[in-house]
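Q: Okay, here's what each chain looks like letter by letter:
Number of protein chains: 2
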Amino acid sequence: MNFLEERIVKDGIIKPGNVLKVDSFLNHQMDIDLLEEIGREFKRRFAGKNINKVMTIEASGIGIAAFVAREFHVPMVFAKKSKSINIEGEMYVAEVESFTHKNKNQVIVSKKFLGPGDHVLIIDDFLANGCALQGLVSIAESSGATVEGLGIVIEKGFQIGGKVIRNLGYQLESLAIVDAMDPDAGTVTFRPQ
Amino acid sequence: MNFLEERIVKDGIIKPGNVLKVDSFLNHQMDIDLLEEIGREFKRRFAGKNINKVMTIEASGIGIAAFVAREFHVPMVFAKKSKSINIEGEMYVAEVESFTHKNKNQVIVSKKFLGPGDHVLIIDDFLANGCALQGLVSIAESSGATVEGLGIVIEKGFQIGGKVIRNLGYQLESLAIVDAMDPDAGTVTFRPQ
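Residue numbers (our numbering), protein chains in the order written: chain A, 1 to 193; chain B, 1 to 193.
No lab work stands behind these hints, which were simulated from the structure alone. All values reported here derive from a predicted model rather than from experimental measurement. Ideal Cβ positions, reconstructed from N, Cα and C, are used throughout, including at glycine. Mixed in with the good hints, there may be bad ones.
Claimed, not checked - Dumping the calculated EDC-like pairs for lysine to aspartate or glutamate here, alpha-carbon to alpha-carbon at most 16 Å:
id	chain 1	residue 1	chain 2	residue 2
1	B	Lys21	A	Asp11
2	A	Lys15	A	Asp182
3	A	Lys21	A	Glu37
4	B	Lys49	B	Glu71
5	A	Lys80	B	Asp23
6	A	Lys112	B	Asp31
7	B	Lys112	A	Asp11
8	A	Lys112	A	Glu148
9	B	Lys112	A	Glu141
10	A	Lys49	A	Glu36
11	A	Lys81	B	Glu141
12	A	Lys111	A	Glu97
13	A	Lys21	B	Asp11
14	A	Lys111	B	Asp23
15	A	Lys112	B	Asp11
16	A	Lys21	A	Glu36
17	B	Lys80	A	Asp23
18	A	Lys49	A	Glu173
19	A	Lys80	A	Glu58
20	B	Lys80	B	Glu58
21	A	Lys80	B	Glu58
22	B	Lys81	A	Glu58
23	A	Lys163	A	Glu173
24	A	Lys21	A	Glu41
25	B	Lys80	A	Glu58
26	A	Lys49	A	Glu148
27	A	Lys112	B	Asp23
28	B	Lys112	A	Asp31
29	B	Lys111	A	Asp23
30	B	Lys49	B	Glu173
31	B	Lys112	B	Glu141
32	B	Lys111	B	Glu141
33	A	Lys43	A	Glu173
Claimed, not checked - Some chain B residues near chain A, calculated using beta-carbon distances under 10 Å:
id	residue
34	Val19
35	Leu20
36	Asp23
37	Asp31
38	Asp33
39	Leu35
40	Glu37
So here's chain A without its partners, still in its complex pose (with noise of 0.2 Å):
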């Protein structure tokens, strides 16, 4: 087990219908010093890649993303989640439609801040189905800048997003891929990388 899964068995907590809760040190309490060793990590994966940007979307990804920008030494951009706009024109919108709730979010980043002159590194905490993430693909492909890859702390094996993603041939890599979950004994299957 690398670090994280270790994390994971020590501290996530199973609940019923497939979800882990890692809020006591990821994602509403943030133990800074993981921040860092996820930052460490990625650059690690990612070491051969030109990067000068990474990306991600609010909330929990943000400090995420700022440590692994911080190894890069490269800025970080996170995208807006927004119900409605009116700021056409300046703005790369991508509709994300939840396969969960069945609603239609929009998610947001300013065209100053992304181009065809960008190589991005898209980071964020989950991937699950990945609307969000499939969302960051198309503002970042649109922006005509390159995507060198995507980093994700906890991927779900189990469900689609992560397949999706490495169909389409990027270069993704999550720190723990989560094959099953059992809420009775309190155990996690992860899948050997």
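Based on the hints, put chain B in the right spot on chain A.
A: Same frame as chain A, but now just chain B:
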């Protein structure tokens, strides 16, 4: 001028209606070196305080608070904005009424991550009327934690938020206090500190 005031003069954009846009370096695209410098400056200003937790609110506070927490070597907790509560009992909740928009929002923090033993430094990017910040103070106080201080990156000194917090007796440190903006001349007047 300090490093932040210099950066505002260099890259901030002043728009009519007392709007100061800092989205190229602080709250959409983030300059990580600047975040680190902000973290160090808050460490200096609250050096005498016994802080064991940094607290902020999603979304744009998260990146800043993470680097402040790094300096103090403590965890960071970010409050979530919520429209509805079905998590009653497990959460501290503050009802926050917006001065500007007349609507109400809920700000929530899990009871697992805040309590009487905590000495909290509250961090946010902007302070204007201070609705969100008052919600954070309310949550921290109702948890029994001690609010050791509040650190703001940019305070709009001509709005009420800063006065309210200082009148309540808290140590509020704002790295830049904007007393006036002139959109025609493109100038910002900072309060001497």
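Q: Against each hint, give a clear statement of whether it holds in the structure.
A: Evaluated hints:
1. Lys21(B) to Asp11(A): Outside the cut-off at roughly 40 Å; violated.
2. Lys15(A) to Asp182(A): Holds, because 8 Å separates the two Cα atoms, which is no more than 16 Å.
3. Lys21(A) to Glu37(A): violated (20 Å)
4. Lys49(B) to Glu71(B): This hinted pair holds, its Cα atoms lying about 13 Å apart.
5. Lys80(A) to Asp23(B): holds (12 Å)
6. Lys112(A) to Asp31(B): Within the cut-off at roughly 14 Å; holds.
7. Lys112(B) to Asp11(A): Measuring from Cα to Cα gives roughly 13 Å; hence the hint holds.
8. Lys112(A) to Glu148(A): violated (20 Å)
9. Lys112(B) to Glu141(A): violated (40 Å)
10. Lys49(A) to Glu36(A): With a Cα-Cα distance of about 20 Å, the restraint between lysine 49(A) and glutamate 36(A) is violated, given a limit of 16 Å.
11. Lys81(A) to Glu141(B): violated (30 Å)
12. Lys111(A) to Glu97(A): violated (22 Å)
13. Lys21(A) to Asp11(B): Roughly 40 Å between the alpha carbons, so the hint for lysine 21(A) and aspartate 11(B) is violated.
14. Lys111(A) to Asp23(B): Distance ~12 Å between lysine 111(A) and aspartate 23(B) Cα, so the pair holds.
15. Lys112(A) to Asp11(B): holds (13 Å)
16. Lys21(A) to Glu36(A): violated (20 Å)
17. Lys80(B) to Asp23(A): holds (12 Å)
18. Lys49(A) to Glu173(A): Roughly 13 Å between the alpha carbons, so the hint for lysine 49(A) and glutamate 173(A) holds.
19. Lys80(A) to Glu58(A): Within the cut-off at roughly 6 Å; holds.
20. Lys80(B) to Glu58(B): Holds. Lysine 80(B) to glutamate 58(B) sits at ~6 Å (cutoff 16 Å).
21. Lys80(A) to Glu58(B): holds (11 Å)
22. Lys81(B) to Glu58(A): holds (12 Å)
23. Lys163(A) to Glu173(A): holds (12 Å)
24. Lys21(A) to Glu41(A): violated (22 Å)
25. Lys80(B) to Glu58(A): holds (11 Å)
26. Lys49(A) to Glu148(A): holds (7 Å)
27. Lys112(A) to Asp23(B): holds (10 Å)
28. Lys112(B) to Asp31(A): Holds - the C-alpha atoms of aspartate 31(A) and lysine 112(B) are around 14 Å apart, at most 16 Å.
29. Lys111(B) to Asp23(A): Since the Cα atoms of lysine 111(B) and aspartate 23(A) sit roughly 12 Å apart, the hinted pair holds (cutoff 16 Å).
30. Lys49(B) to Glu173(B): holds (13 Å)
31. Lys112(B) to Glu141(B): Holds, at about 15 Å.
32. Lys111(B) to Glu141(B): holds (12 Å)
33. Lys43(A) to Glu173(A): holds (11 Å)
34. Val19: With a minimum Cβ separation of about 13 Å from chain A (threshold 10 Å), the hint on valine 19(B) is violated.
35. Leu20: Check failed: Cβ of leucine 20(B) comes no nearer than 16 Å to chain A, outside 10 Å.
36. Asp23: holds (7 Å)
37. Asp31: This hint holds: aspartate 31(B) lies near chain A, its Cβ roughly 6 Å from the closest one there, short of 10 Å.
38. Asp33: Result: holds, 8 Å to nearest chain A Cβ.
39. Leu35: Status holds, d = 7 Å.
40. Glu37: Given a least distance of 12 Å, the restraint on glutamate 37(B) is violated.
Figure legend: structure checked against the earlier numbered hints; hints not met, in rising order: 1, 3, 8, 9, 10, 11, 12, 13, 16, 24, 34, 35, 40.
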